[in-house]
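Going by our numbering, the residue at position 59 of the sequence shown is 48; the numbering climbs one at a time, nothing skipped.
Simulated from the structure, these hints should not be mistaken for lab results. Do not take every clue at face value.
DEER-style ranges, computed between Cβ atoms [stated by the list, open to error]:
{"#": "1", "residue 1": "Ser217", "residue 2": "Tyr197", "range": "16 to 24 Å"}
{"#": "2", "residue 1": "Glu216", "residue 2": "Glu63", "range": "27 to 35 Å"}
{"#": "3", "residue 1": "Arg136", "residue 2": "Glu63", "range": "34 to 42 Å"}
{"#": "4", "residue 1": "Ser112", "residue 2": "Glu69", "range": "18 to 26 Å"}
{"#": "5", "residue 1": "Ser15", "residue 2": "Ser217", "range": "38 to 46 Å"}
{"#": "6", "residue 1": "Ala116", "residue 2": "Ala8", "range": "20 to 28 Å"}
{"#": "7", "residue 1": "Asp38", "residue 2": "Ala211", "range": "39 to 47 Å"}
{"#": "8", "residue 1": "Leu200", "residue 2": "Gly175", "range": "20 to 28 Å"}
{"#": "9", "residue 1": "Asp38", "residue 2": "Ala186", "range": "19 to 27 Å"}
{"#": "10", "residue 1": "Ser112", "residue 2": "Asp199", "range": "27 to 35 Å"}
{"#": "11", "residue 1": "Asp147", "residue 2": "Ala188", "range": "36 to 44 Å"}
{"#": "12", "residue 1": "Ala188", "residue 2": "Ala116", "range": "20 to 28 Å"}
Glycine is no exception: its CB is placed at the ideal position from the N, C-alpha and C atoms.
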Amino acid sequence: MAAARLSLRNKPVPSRLLAVAEYGFSLRLTEPIQGLEWCRVAAEALPPDLAPHESSQVLAYFSNGLRVVGHYDEAKEVIERALAVSPGDPFLLEVKGSLLRDIRQLDEAAECLQSAAMRRRVSGDIAAYARTILGTAHVMDEAGLSREASKCALKALDILNAEVDPSRHLLRTSIQNYAAFLCNAGEPLEALRALRAAAPLLEGGGQYFDLRVEWLYGRISASLREESAEAKLSAVR
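Go ahead and model the full structure; you've got the sequences and the hints to work with.
The following block contains the structure:
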């Protein structure tokens, strides 16, 4: 990671350290190995006198990078270091919640994300509050609590709808998740009604999002034992 090290060689100042770690974080879905190394370089360059918030943010990015590539033990050690520096920081709690979800400690993950959501609400960051609630819903769904997950997704929708200018992307995702959780809970007709009622709001999500919705329609058809179900799923594949 010569580029990352070079960017910090002369100026390991907080803004530069955060920029390197944030860049690594931005690569988590497309180039996870490379992203991890950028985060590692920033974490290794942390000076002892760095402000707690900045230090913990860099460590959180590093922990998340480790999680994405499956280095769970090291990721847990790093996020605990970050939380020791900034206890209760919602972003840190979200990173820890994601890690706990990956290692299937679902009860602890839900508790962590609920704590993060509470802090997001207090801070007034409505979009982040709704996003964290949606993350909690995913954990509940994976724990077999799909009906409760659908209620969480509905709560996220209520929060976003109360905003004057809600995040359209997050709104679409919340609707799609809500319908998916209903389907998982054995309520395919409710899921179908939710998708149809919200159809205008689902427009404009892009090709990948449209495929997710079409796949969900196929799953609903399969749950309803419709003859067209396999054709719908095959078309998405």
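Ascending list of hint numbers which this structure does not respect:
2, 7, 9 and 11
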